[in-house]
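For reference, the chains in residue letters:
2 protein chains.
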Amino acid sequence: MIHHDTIVALATPSGAGAIAVIRLSGKDAVAIADACFKSVKNLKKLSLQKTHTIHLGHIIDGNKTIDEVLVSVFKNPNSYTGEDVVEVSCHGSNYIQQEIIQLFLRKGCRMATAGEFTLRAFLNGKLDLSQAEAVADLISSDNEASHQIAMQQMRGGFSSEIAKLREELLNFASLIELELDFAEEDVEFADRTQFKELVERISFVLKRLIDSFAVGNVIKNGIPVAIVGEPNVGKSTLLNALLNEERAIVSHIAGTTRDTIEDEISIGGIGFRFIDTAGIRETKDVVESIGIKKTFEKIDQAQVVVFLADSLNFKVDVFINSFKIEIEKIKNKYPLKPLLIVANKVDKLNENQIKSIKSEIPQIHFLSAKKGIGVDELKDKLLSFVNTGALRNNDTIVTNSRHYDSLLKALDEIEKVKHGLQSGLSGDLLAIDIRQALYHFGEITGEITNDDLLGNIFANFCIGK
Amino acid sequence: MIHHDTIVALATPSGAGAIAVIRLSGKDAVAIADACFKSVKNLKKLSLQKTHTIHLGHIIDGNKTIDEVLVSVFKNPNSYTGEDVVEVSCHGSNYIQQEIIQLFLRKGCRMATAGEFTLRAFLNGKLDLSQAEAVADLISSDNEASHQIAMQQMRGGFSSEIAKLREELLNFASLIELELDFAEEDVEFADRTQFKELVERISFVLKRLIDSFAVGNVIKNGIPVAIVGEPNVGKSTLLNALLNEERAIVSHIAGTTRDTIEDEISIGGIGFRFIDTAGIRETKDVVESIGIKKTFEKIDQAQVVVFLADSLNFKVDVFINSFKIEIEKIKNKYPLKPLLIVANKVDKLNENQIKSIKSEIPQIHFLSAKKGIGVDELKDKLLSFVNTGALRNNDTIVTNSRHYDSLLKALDEIEKVKHGLQSGLSGDLLAIDIRQALYHFGEITGEITNDDLLGNIFANFCIGK
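If you read the protein sequences in the order shown, they are chains Z and W.
1 is the number of the first residue of the first sequence in my numbering; add one for each residue after it.
1 is the number of the first residue of the second sequence in my numbering; add one for each residue after it.
Next up, chain Z with everything else stripped away, as it sits in the complex (with noise of 0.2 Å):
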């Protein structure tokens, strides 16, 4: 799995920009780019330039000049990648960005795989597993609670907290092999009441760091909300109504994709996802027929429902009733996912009128989306389903599902152990169940690898990190 040969990438996004930047790391690294680069002062080769220093000039193929760049150097062992590493920094043309990867191509580099410079990272022991997956997290996170989390395990916060278990666990296995070379004296050199302590002590982590799980899975992919209504409610106008600040944030650089936007939004830090609701959009039978398959599909994707029903409706009687019907119904077959009753365009309304539908529908949430009216108060009650409180602590969370199954498996192992410290079981098997219990751990900062486990991870990386 070690590599010797020197990689290239596009590090930046694909498309044209102000600039991009290609980068290679490998042993070659710096006599590439010294084969293709022309200094504009003709100065000395970036061989002999130090680290972390940057040059400008050419990029030349011949007699060819491809593009005026500036060339970053980077001396190992400091580098991201642990190896020499060399960053150009080119026109954003794509044809020129091309051009200078076909040419590095030529001169001996190999087209990077996804994830590979992280990947040499951590063979070359600048990164943990962990920290190595928290990088794809950042890279990926969209909102401040993602972020914060991928920022915190990348900087070790979470390996920290695994290694020093597992340094401690480790500790006590060693005592206990060594009493299995003494079996015949019947000694003990693990102290019994001190282990039984400690197996305690990573139990009650481990179960809080599974716990995590849960918060950590919805912080990373946004909760699901369905936003369910007849057409024309304004469930479109009430979702731009809940982007507004968003947008305005986001508007500010040219080019960014508006529909995905439209899908997932940031309330106080935390993404909210809104499943197809064009979908919704489509089907005329809300009303009639809320038992209709593709609206309960919707509601079962989603971890809170909205529905939204436009206040002019319920000056017809006929429609409190039908509506008080649609909500038992959703009640009955969804008793625990939160359900937000929501009136829209309550501009429409006096206070009678409204007043006289919340004696009907107690818990309704009158709003305007157009008007901006009530719509912080639906972001507050969308963030009360949120258990925030993990978070606000600043305790390590879980994100990662394969995080999360290791855990799973070194709960199970710490849990025999447990057992068998109560049962008195004999030193031999307590160190086998032990010993598995330190493999779980070790498989989540990687300590414990093997090539298709970091195939798996990596390959799930965008190509140049």
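By construction, these hints were calculated from the structure, which means they are not laboratory data.
All C-beta atoms in this analysis are idealised placements derived from N, C-alpha and C, irrespective of residue type, glycine included.
This list has only true hints and no planted wrong ones.
Listed below are several chain W residues computed to face chain Z (Cβ distance under 7 Å; list not exhaustive):
no., residue
1, G17
2, H52
3, N94
4, C462
5, G464
Knowing the structure of chain Z, use the given hints to seat chain W on it.
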């Protein structure tokens, strides 16, 4: 127009990628970066660092760490803009990009307008105006020819040619204006024979540059080609076959938009732009009535027309005659437009059939888009319509319509000077025409400029450049 504030913008394409680069320029760039940056090694401030050095650390907002970044420092005048410049290379998530930019804005930066970095480079004398314009061309160049011309222009090839003529003309202007001061003494400081020679030479160069615009325009914008023909004759398959080589290169990098590539391909380094073939695909009437408005509209826009037919149809005798009539219709309407008659699916015919069709329509080109037969020959034919002589001779080529406009006006004035010299026009009147010519030369390189002009030019840049 001179700015004293510090600007910030994302310099890399928007979207998620491995890394993103945020660029600051202005007198407070380093101080603002220092206020948000904490070195990992806890070394001295960025303001105390040397120019062209890179520093690993964290972007911090109070107690909150936004990202681990590399910061590059460029001290004025040794930077792109000629001002102090800081480039922050952060993890490429949209969220992180936004957070860092927002932080810099709060610390006193202003969001850069389109092309403002390059505008500052121009105002600080790092580039002349035609070089600055070449930066935008370079970024949007998507084939070898347009890239080569933009590169030449950015490196000053075009400006230096103009500047040299301008200087010589300026010398004569000064001499002639000097004569005016001694008007009563009737002296001639400016040698009229030499001056006539110079004016002839300038006129010759201007005409060559003006003529080059036709080629330049084709190279910059690509050659519009209409592929017309019945549905299912294989227009898309042909386009894919033409694309083949390009796409293999492009596919190394994930996320490159395919739609755009399908419409523009590069043959022998020249861009060929295929006009809305989807639209033609929809019309069912090509064979019955080639005269329909839509098809002629496509042909109107094209510089070359590929008229594609299905070889199988030629097995029907009546088709050959109707096809010949259609060819005549196009030729009559567009006698000067190159028309390529192409028959796809040649593999479905035998030698005799091919021979007999050729005897009816001698100029027909047979190919099989699916099997790749005859496709390279079609590329050669397309390429033969481009006058690449100037390109091969490495002559200066004008691609910018603003330059073209100024060159036309300059030529107009130079012709006036020429006639003035021939008809013995008095020095004071001659001087006026010379000054006008000089004015138009100056417009190109930016000696003569105004805010509106600069505003127009740089508004076409992307933000961050």
